[in-house]
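Asker: Chains P and S are the protein sequences, given in the same order. So the first sequence is numbered by the numbering used here: it starts at 1 and just counts up by one. So the second sequence is numbered by the numbering used here: it starts at 1001 and just counts up by one.
In short, the hints are calculated from the structure, not lab data. Built from N, CA and C at the ideal position, the CB exists for glycine as well.
To be clear about the criterion: a stretch of chain P counts as covered by chain S if any three or more of its residues have a C-beta under 8 angstroms from a C-beta of chain S, and this derived list gives those stretches:
{"id": "1", "segment": "466–476"}
{"id": "2", "segment": "481–494"}
Simulated pairs of lysine-lysine, DSS-like, Cα-Cα distance not exceeding 25 angstroms:
{"id": "3", "chain 1": "S", "residue 1": "Lys1355", "chain 2": "S", "residue 2": "Lys1156"}
{"id": "4", "chain 1": "S", "residue 1": "Lys1418", "chain 2": "S", "residue 2": "Lys1156"}
{"id": "5", "chain 1": "P", "residue 1": "Lys65", "chain 2": "S", "residue 2": "Lys1002"}
{"id": "6", "chain 1": "S", "residue 1": "Lys1002", "chain 2": "P", "residue 2": "Lys78"}
{"id": "7", "chain 1": "P", "residue 1": "Lys86", "chain 2": "S", "residue 2": "Lys1002"}
{"id": "8", "chain 1": "S", "residue 1": "Lys1418", "chain 2": "S", "residue 2": "Lys1374"}
{"id": "9", "chain 1": "S", "residue 1": "Lys1269", "chain 2": "S", "residue 2": "Lys1362"}
{"id": "10", "chain 1": "S", "residue 1": "Lys1156", "chain 2": "S", "residue 2": "Lys1374"}
{"id": "11", "chain 1": "S", "residue 1": "Lys1273", "chain 2": "S", "residue 2": "Lys1355"}
{"id": "12", "chain 1": "S", "residue 1": "Lys1273", "chain 2": "S", "residue 2": "Lys1296"}
{"id": "13", "chain 1": "P", "residue 1": "Lys87", "chain 2": "S", "residue 2": "Lys1002"}
{"id": "14", "chain 1": "S", "residue 1": "Lys1156", "chain 2": "S", "residue 2": "Lys1449"}
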Amino acid sequence: METVYALYLAISRWVLPLLSCLLVFLWIRYFRLSRPPRQTVARFVTREGDPSNLYAQEGLIGRSKHCDILLPLPTVEKRHAVVYQKKGNWWIASLGGEVWVNEEYIEEETILLHGDMVAIAEQELMFECNDLEEEDVYSYRMPSGALSLIVLTVFQLVMGGQICLRFLDALPTMLPICFGALVVGQWIYFAATRLMHRPMLLAELPILYLVTLGTAVCACATPDVLLKQLFCIGVGVVGCLCLAFLLRYHEFCYGARYVFALITVGVMAVTVVFGTRIYGARNWLSIGSYSFQPSEFAKVALLLVGGCCLYVSLTKWKNRWFFLFFCAAVMGTLVLMVDFGAIAIFFVTMLVILLMRMTDWRLVTAIGLGAVAAGTVVLLLYPHIADRFSVWTNVWQYASSTGYQQTRTMIAAASGGLLGVGGGNGTLLSVAAADTDLVFGVLCEEWGGIIALCAAMCFVALGFYAVRLARFAACGFYATTVCGAAVMMLFQTALNIFGSTDLLPLTGVTMMFVSRGGTSLIAAFLLLAFFKAAERPACGLETERRRYY
Amino acid sequence: MKRISFHSLAVIVVALLFCAGLGLFYGRLALVGDAWATYPTNRHLYKDGHLVKAGEITDRDGTVLAYTRKGTRYFHEDIRIRQATAHTVGDLDGFVSTGVHSAFLNELTGYDLINGTYNMSGEGHDMRLTVDADLSVTACQALGNRAGTVGIYNYKTGEILCMVSTPTFDPASETGLAEEKGVYVNRLLSGSYAPGSIFKLVTALSALENLDDVASHRYTCARGVTIGGEWLSCLGNHGKVDLESALVKSCNAAFAQFALTLGRSRLTKTAEKVGFNQTLTMDGIACTQSCYQVEKSNDIDFGWSGIGQHNDTVNPFQFLTFMGGIAGGGTCVWPYLVEDISSFSGTVKTMSNGKRVSMMSKDAAATLSDMMRKDVTDHYGDGNFAGLELCAKTGTAEIGDQSTPHSWFVGFCRAPDKPYAFVVVVENAGAGLGVASHIAARVLKAAPKWS
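Based on the sequences and whatever the hints tell you, model everything.
Answerer: Here's what the structure looks like:
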């Protein structure tokens, strides 16, 4: 039997990285082939009959080249006015420039109807939002992705087979069952999305790959919690679908923004008071025998509240300040919990969300300077954080003390080489928090540098996909949140990978979808909801159809 | 929406920074991953800080010098072989930095970037060395309790047959090693001694290559000679001597005057051509430099330097290659230790053996070789080295204080069945003709015949 395993390992350690590379190749191919729909939802027509089309439910009018309705006249402001859809109607509001609708000067946001004449700096435009000629909404071409799912399934079976052979002497029954459940689950999901003509691919494929790796790590490290892990994945998927459904109604979310913010700050405050400390940060809340980390959900709330507050905030300063106040409150609770990894992730995501909407560089600069000052204060107040900085880049000198985890990660990564030593054959899993904070090292050691690189590239892929979604999103709400979610994933992964390999200070954050975890895993799936929500085109639900090839 | 779409490029910036970080990590993995993997806490390779996962090390005849069985590293069962090959094979804790266990750790453990520490056989790669375990034992016993080194290599192929350094230790036992001074130093590769008279071979070579009609140069020795107002003493009163008789009689006075005639730059150039002032390597292992620095010396010091005193230092391995150069007709076939590295699936890597280094003209090599032969026949007594057709030179290295000088014996055999160059250094053993030459004779006679 040993010979069979040795032979299987020798072959599968080449097969798995090859399949991973094939998946990366397929994803890139699908990314290039897929064409999101783009349909005119409203337009402004000049006297001469030249139309300027709007493809989303909001648009800027001005002379800046990043305006949707470009009026290159010196008397027009850079960002002159904004039009947007709200409660089924189109509205126009000034951003500082003078606007007339049907020869009436407007001061507040005003409803625009089909055929209204908008005058901006002597430029007269006719607004049209009905009876626009149908563009081919069926041109939303999407590869079916069945091939990639078949490749992924083969990958999962080869990987599961390797782990099963490895532990054949005392094989936990849960192990093959869980791998089987993963495979069956993804095909059920695939079938369901096809029946509902929803695309299932560019966001899901990287996530499924990461989840597979996470299951493999869990199966080798702690097979007894494998079922719990799978359960959390299930909860995550359901939660993701529910949140995506909620996010469809972004106007409802906008109305409920204060509720979201209040609940979040409230739960965080409760955690500060009643929270328990597990591995350093006091960010665990226990209810009965269940314990969870509210800060993970706070990350999701940040995107939700940020998206809501900023999505029509071009006209309302109140919302902007409310968002900043909300961020400050949540980060304050995180400081009290001594969860610095979460603070860094929170802060960077907040900056990106602001950046998506902001033009006021003075405010962004002020926030940046404030962060530097706050960071200095933190270093003075908490010496153990400063210790982490002192060991940073010098971990080999402290290989048996403060640099223990990092050096072991690097040793393990090198031991695995590019192809890995095989699942369950690693040494890193005996180090504390190996399957959470140091999980990148476990991937490198057991499954090899190529698979670990593919896992990291999954997050890059999600980043590129988010940028595309932002370009074709129905409105700014989806664009902002999907980019925020992508940056959150990227930055957290960066903290995880580079923290454990001494390119950044070790902060102890998880690698989303791969690290073992309950709350963190569910929260990661909730971030996926922002991708699913942003995939819905502006042209409305009733015409939403897709053609596969 | 155009504007927000433009600002979303911030995500791309973050993603690119992320990719740059990944590039940095994988770059480091490729460059220094071997150092990470062979860190002594890596339980893939080590147990309690001792190397366990590594392939077999065998000598030229297949005698297994070190091997791993079931997670434990073993050495040869005979303590004499363990001690004689201790510096070549190295210990498991990395104290002998030039030993195979340290210098070829990656090859031995089978580490490479693609496979990491994984080997299908589970035991790293096997290495076959060129050394002869039995000959090493003979050399070790010949050195006995004295500190020193014996290096022998085949100047036709480059194989190092014997690389023994004393005092030695038993790599299989763990305790009581570090106390004795320099026990972990491989004196052949890392030693550095005053050369004494063996340096006269360098001066002689320089004279042969640079002076026209060298036979016409004759110098007077009157138990020494006055240079720049100071006295340079000689061991005998040799009268008028030419190059050949000066070498046979090892006349200090004549060689000091040869050095002065040649001048600093020409002598330095010759010395550097045979390996002085350079870091030489043996299978990638860096050796200690031999030094010849006379730019700032006054005449008397320069005179002394020509006979191997002053500030000259010689690394035994460097002189071994020099002997190989003379024996090889001016071109040295570079010595090597590792014959091949193989995994269970076949040869992984053969070292770049057979490197040739040109050191001198063929004529100069032949003349020098004949002079060294005459040294043996006329002076040292060929009877002691029967059947070897030995060409050699002794050296007695004065070491300043009151200690007994170090004893050198260097040279090579011209017998076709023993094409071996050798270097023997014995610390504090007095005149070169004596302890060192006896050791050389004993080991060379025991050396296997080559065909």
